Amino acid sequence: MYFSAFSNTLRSLVADDFNWENYQSLENRFPKCDIRYLEVNLNAHTMPDISLAFNCVDLEKNIAIVPEQLTSRYRDLLNLPITIRPAFLWVEIDKFSFEKLGLHASLNARSPFFKLDKNIEYRTAIKYESLLSNTTTPSKFVESFYKNRSKNESIEHISCLHRDGKATLKYHVLLELDSLEDRLKQYEWPGEHSKLLKVISHLSAVSTISKAHFDISVRENFLLEKLGIYLSMKLVEIDEYTKLVSEIIKSYCPDKLDLLPNLIEELKYSNFNKYWLDVKVVIEEDITVKLYFGESTSKND
Amino acid sequence: MSNTNTPSDANNLFWFLSRVLNDEEFKDKFNQAPDQFLKLAGLNDEQRADLEEIYNIIYKSKESGTELPEEKLALSWQKLIDDNEAAYVEYLTKNFTW
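Line by line, the protein sequences are chains A and B.
Residue 213 in my numbering sits at position 213 of the first sequence; the count goes up by one each step and never skips.
Residue 27 in my numbering sits at position 27 of the second sequence; the count goes up by one each step and never skips.
It is worth saying that the hints were derived from the structure and are not from the lab.
The reader is advised that the hints may include incorrect statements.
[Stated by the list, open to error] With the Cβ distance kept under 10 Å, some of the chain B side facing chain A (calculated, not the full set):
1) I58
2) K62
3) E67
4) L68
5) L75
6) W77
7) I81
8) Y91
9) L92
[To be verified] Chain A is nowhere near these chain B residues, computed Cβ spacing over 12 Å in every case:
10) K29
11) N31
12) Q32
13) A33
14) D35
15) Q36
16) F37
17) L38
18) K39
19) L40
20) G42
21) L43
22) N44
23) D45
24) E46
25) R48
Computed from a predicted model, the values in this text were never measured in an experiment.
Just so you know, even glycine gets a beta-carbon here, dropped at the ideal spot from N, CA and C.
Hey, can you work out the whole structure from these sequences and the hints?
What follows is the structure, encoded as structure tokens:
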């Protein structure tokens, strides 16, 4: 089972009182739902926590793990016309509490014809927003994005996290680094721009942020300070990965450095070089480092 | 990162269509020798016809600057999926992880 392959590494990372049985029971309960990736969150002040994401290609598999209160929205997404229907859906489970479950829907950004027509792309983004968060008017962010975007910028997918009775929309966006600061001002991003630029400068020095993917979060039509920067490392060699992760953890959560030897040791002695290993740095009040472990694919990233 | 696609991707008609539509370099090479490319992709006559139909709908609209006929496109796209479901699921699984 997918989870079992990771469990020793993960056990070495998290607190002793972590409820492992929840993870294992979920995997046993939904054996037909492929687990796509594990996400380990590290920051300087709290113990690491873990999320699991499930592949959801077909409706039957999806309905099995989507909580009842979200199934109608889910069906609405899958009933959209084929040209704007999500090509792929996944569910991400946060600390395995179903009350905190978030429904994630990928935008058809990489479907064969999505990017060919700006109107389809815009209307899809608006539709997803309305279905995921029950809003009736487009968010200021999406309006501004499509009004001002350059040719190389795009919204890759939209997710929605339902937590504490509120919906947070998350836009996975491809932005150009050169115009990043101007763009964030334009969108009225409330975070510290100097902190962001410092992080970008550091990450550019230690890695290649070639695609400059960002997660921009919106709640009740306002951008949140939370901003994720992805370092896409699909199919990277394990040595390169561990070097980069060490550098990043040293910089942003040095108190977690003692977790690294176990992680690296196990990665080396497992088949993890067959997996993709991504890193994401999230800026809000603190800086969080997220490590993703997933199955390798044939993507060009 | 360099191209890491496996042979099974190249033989997947959805992957093939995606590259023809979105990758300028791939499209140019394809247009220079379409028969050779389609042969390499291992498409049968019906798949080839379906694929060409979608390609033509999109590029006729682009070239003429007219609005994309979404309904027509949706019908052709649905047919392609219905006729090649396994290939579509494989394509999604490999290309839409995020």
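Handout entry: Structure versus earlier hints, numbers of those that do not hold, lowest first
Key = none
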